[in-house]
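Colleague: Here is what each chain is made of, one letter per residue.
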Amino acid sequence: GAGVSQSPRYKVAKRGQDVALRCDPISGHVSLFWYQQALGQGPEFLTYFQNEAQLDKSGLPSDRFFAERPEGSVSTLKIQRTQQEDSAVYLCASSPRREGLADPRTGELFFGEGSRLTVL
Amino acid sequence: QKEVEQDPGPLSVPEGAIVSLNCTYSNSAFQYFMWYRQYSRKGPELLMYTYSSGNKEDGRFTAQVDKSSKYISLFIRDSQPSDSATYLCAMRRGLSSASKIIFGSGTRLSIRP
Chain A
1 GAGVSQSPRY KVAKRGQDVA LRCDPISGHV SLFWYQQALG QGPEFLTYFQ NEAQLDKSGL
61 PSDRFFAERP EGSVSTLKIQ RTQQEDSAVY LCASSPRREG LADPRTGELF FGEGSRLTVL
Chain B
1 QKEVEQDPGP LSVPEGAIVS LNCTYSNSAF QYFMWYRQYS RKGPELLMYT YSSGNKEDGR
61 FTAQVDKSSK YISLFIRDSQ PSDSATYLCA MRRGLSSASK IIFGSGTRLS IRP
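Line by line, the protein sequences are chains A and B. At position 39 of the first sequence (counting the first as 1) the number is 39 in my numbering, and the numbers step up by one without a gap. At position 44 of the second sequence (counting the first as 1) the number is 44 in my numbering, and the numbers step up by one without a gap.
Among the hints, erroneous ones may be present.
Below are the BS3-like pairs computed for lysine-lysine, each with C-alpha atoms no more than 25 Å apart in a straight line [said to hold, decoys possible]:
id : chain 1 : residue 1 : chain 2 : residue 2
1  : B       : Lys2      : B       : Lys100
2  : A       : Lys78     : B       : Lys42
3  : B       : Lys100    : B       : Lys67
4  : B       : Lys2      : B       : Lys67
5  : A       : Lys14     : A       : Lys78
6  : B       : Lys70     : B       : Lys100
7  : A       : Lys11     : B       : Lys70
8  : A       : Lys78     : A       : Lys11
9  : B       : Lys2      : A       : Lys57
10 : B       : Lys67     : B       : Lys56
11 : A       : Lys57     : B       : Lys100
12 : B       : Lys100    : B       : Lys56
13 : A       : Lys57     : A       : Lys11
14 : A       : Lys78     : B       : Lys100
15 : A       : Lys78     : A       : Lys57
Not everything, but these chain A residues come out facing chain B in the computed CB check (under 10 Å) [stated by the list, open to error]:
id : residue
16 : Ser7
17 : Pro8
18 : Gly40
19 : Asp56
20 : Ser58
21 : Leu60
22 : Phe66
23 : Pro70
24 : Ala88
25 : Leu91
26 : Leu109
27 : Phe110
28 : Gly112
29 : Gly114
30 : Arg116
It is worth saying that the hints were derived from the structure and are not from the lab. In this text, all values refer to a predicted model and were calculated from it rather than measured experimentally. Glycine residues also receive a C-beta, built at the ideal position from the N, C-alpha and C atoms.
Let the sequences and hints guide you as you build the complete structure.
Modeller: Shown next as structure tokens:
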């Protein structure tokens, strides 16, 4: 399909396990974002890539969270030694880069359906 | 205090009613204001966007921004059951991808047939 694809859609992990969540952005989209959405909350920013460069990781809650996008396309969010408070939906979004244009839609984020992580 | 505040609802109205959804914010640097719609178990999708203060209309939807009051609204006319979803307000300071989009917590809306 032409949209952002995330896998797995659902993941159950035992506390202490490592997990890896994958994001396939829309082809040609330079920017990629990871957001965390807890139950009943809005998405919270985690990290941002422009091509393969991670330009902002200020939202990562701890050093157990690590994200990469080695070839500037697919991205992986890794969570080490998962804790119960990590349970959330992890949303990936991509955006085309058209800086300099006035149309705010150039900043539109296209979201995937998310990976729902449950830590027992 | 969160940068963006939004009443979580839930809000339940009969089909055909006018719906008003609102957010307040604290950061006067926000210039771009958006409403995203999120259906259950789906990712958010952009519904409306506005720049600075003013109104914008798109079909049954009207977005309003009052920067002086740091208050934004989304109105839905002739509401339909298919409008039942969570509505997230969102805002950003600039246009570059490096300018983070900050979301409200979302208002869950249910339209009763």
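Colleague: Please list, smallest to largest, the hint numbers that this structure does not respect.
Modeller: 7, 16, 17, 21, 22, 23 and 24
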